[in-house]
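Given chain E, work out where chain U should sit, using these hints.
Heads up: the sequence lines are chains E and U, in that order. According to our numbering, the stretch in the first sequence is residues 15 to 311, in order. According to our numbering, the stretch in the second sequence is residues 15 to 311, in order.
It should be emphasised that the hints constitute simulated quantities derived from the structure, not laboratory data. Please read all numbers here as calculations on a predicted model, not as lab measurements. One or more of the hints may lead you astray.
The list that follows gives simulated cross-link-like pairs (lysine-lysine, BS3-like), each with its CA atoms no further than 30 Å apart [to be verified]:
(1) 192(E) <-> 119(U)
(2) 119(E) <-> 192(U)
(3) 146(U) <-> 151(E)
(4) 46(E) <-> 192(U)
(5) 151(E) <-> 192(U)
(6) 84(E) <-> 280(U)
(7) 195(U) <-> 259(E)
(8) 151(E) <-> 84(U)
(9) 119(E) <-> 119(U)
(10) 46(E) <-> 195(U)
(11) 84(U) <-> 259(E)
(12) 259(U) <-> 46(E)
(13) 146(E) <-> 46(U)
(14) 151(U) <-> 32(E)
(15) 84(U) <-> 84(E)
There are 2 protein chains.
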Amino acid sequence: MDDKFRKSLQFTAEIIEKSLEEILLPSPEVDKILNDAMRYSVLGGGKRLRPFLAIECSSFFDIDNEDIIKISSAIELLHVYSLVHDDLPAIDNDDLRRGKPSSHKYFDEATAILVGDGLQTLAFEILSGSFKSIEPKNQIELVNLFSNMVGNKGMVGGQAIDIRSSQDKGLSLDDLLKMYKMKTANLISFACQAGAIISNADDLRRGALRNFGDNLGLAFQITDDILDVVGDSGIIGKKTGSDLKNNKTTFLDYYDIDQSRLEINKYCDYSISSLSVFDEIPSTLVDVVNFVKEREF
Amino acid sequence: MDDKFRKSLQFTAEIIEKSLEEILLPSPEVDKILNDAMRYSVLGGGKRLRPFLAIECSSFFDIDNEDIIKISSAIELLHVYSLVHDDLPAIDNDDLRRGKPSSHKYFDEATAILVGDGLQTLAFEILSGSFKSIEPKNQIELVNLFSNMVGNKGMVGGQAIDIRSSQDKGLSLDDLLKMYKMKTANLISFACQAGAIISNADDLRRGALRNFGDNLGLAFQITDDILDVVGDSGIIGKKTGSDLKNNKTTFLDYYDIDQSRLEINKYCDYSISSLSVFDEIPSTLVDVVNFVKEREF
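Extracted from the complex, chain E is given alone in its bound form (with noise of 0.2 Å):
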């Protein structure tokens, strides 16, 4: 990874860290417990990348720093109670997630059940709540588009699909790539809309950003399944093997390793072209596709 590019993206999570650390604060209207349970799932750890990719993806618009911060924030909350139940013994039965004991080892089940179900409606909370400078109109509809992207049709929906792949017989490539949309590519491209979304931008532009989230999501879940297989464990922060363990149909059930990187750089090549809708493409989105085509965590 290019260090220019590390330190860019350091940087961002440093601040995303402080902004989740204050909205993750103890409070007595919060059960100590609960809370805690939430920091510890929440905070220090993960690369940040869908608030990285919202921060920098904002920067074609005129947006406040403060308001876009928010919105990662939740994106980033969205994420977390994800991984949180994905780890559940009854789904992925993980143990270990960015190098810590999961949520459900570390306290419980019934606690990390929990933790995912509030973390959700605290990234619901946060989007809905007060910004500096969002129309209403705007505001709803960056609500709707981030329950669209994360429900039944979206995130939840992917992994119900995912799920059933390793209790069923697989999944075709094209059910695959599906599946992948679902659960990863959309979260990813609703963090690269947002900053469109609330500045009320025209369609090609919003359209722009969208296939350069979704092209991208895609590239960065088939380097996951890569990196189930070939990736360093102390590095991931996860255990490896996963995916096999679980018998679950990967991009390596119709691709080798060779092939998947071909299709890799055509996505990320998908996703860079997608923004010369744009006068200047800033150097770090070719820096983040380039981080996700090689990445190693």
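Same frame as chain E, but now just chain U:
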């Protein structure tokens, strides 16, 4: 239960059933098994008390019927998500719900977790969706209050206190009432306030409906505790004795049944008298309070 009231409750339940049925129509965009599991969990059961309250309490204002039915359906979806997750083996481990095997028994645990996750998102999707005549500003306020009522400071937080009351040394009466308010009364109170919010009603009217709902919600939860001990499982549609089995602190640890009945009457009286700011109180709201007071299911 008064026959006129029974018919009125039944009438609303049928309208809500139809609305929920439409929301959960099979669609190529939603995984079939997930959708089936959602339909199983949501349709064909329940008193639909929260939708009833939302609709009746909206009669103080000039609100489009379709709009309040949509909001009521979202409230019911959120309520069902909470039941599906509460019933999970790691939480209350209840095998029976609304007279049928609970979702994790009929399907499996992984599916039940995703059903709950997806129903929560769906509730937000509907509330942030299109309405006939709600101002975006009021709609955002509605979504934000909803998230506040059902998240860490509300329902999920109350549930966290509840599960610990069974692992822990128990709850003080104050903490028990706080937990009831969070776990049960908040969503009921939201239902009662929804019409006021989308009509941008003044603080006096909002406060009246909030108090109405808060007190009714407390009374409802205390009757729940009593029904868990003396209720008829065939009528309630779930196994009784669940609180005892899970070693939970309940109202009956502090009051005997006769004393509890007096407390229920007190909260019900507060509830009705909160409505005195309105010129006229619809008889259905008096009836629903009497129903909660004497309910057998």
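These are the hints, each one checked on the structure:
1. 192(E) <-> 119(U): OK: residue 192(E) and residue 119(U) at ~29 Å, within 30 Å.
2. 119(E) <-> 192(U): 29 Å, holds
3. 146(U) <-> 151(E): The given pair, whose Cα atoms are some 14 Å apart, holds under the 30 Å limit.
4. 46(E) <-> 192(U): The hint holds at about 14 Å.
5. 151(E) <-> 192(U): 35 Å, violated
6. 84(E) <-> 280(U): 43 Å, violated
7. 195(U) <-> 259(E): Not satisfied, since the Cα-Cα distance of roughly 43 Å exceeds 30 Å.
8. 151(E) <-> 84(U): Satisfied, since the Cα-Cα distance of roughly 19 Å is no more than 30 Å.
9. 119(E) <-> 119(U): 24 Å, holds
10. 46(E) <-> 195(U): Status holds; Cα separation ~17 Å.
11. 84(U) <-> 259(E): Not OK: residue 84(U) and residue 259(E) at ~43 Å, beyond 30 Å, violated.
12. 259(U) <-> 46(E): 25 Å, holds
13. 146(E) <-> 46(U): The hint is violated at about 41 Å.
14. 151(U) <-> 32(E): Holds, because 29 Å separates the two Cα atoms, which is no more than 30 Å.
15. 84(U) <-> 84(E): Status holds; Cα separation ~29 Å.
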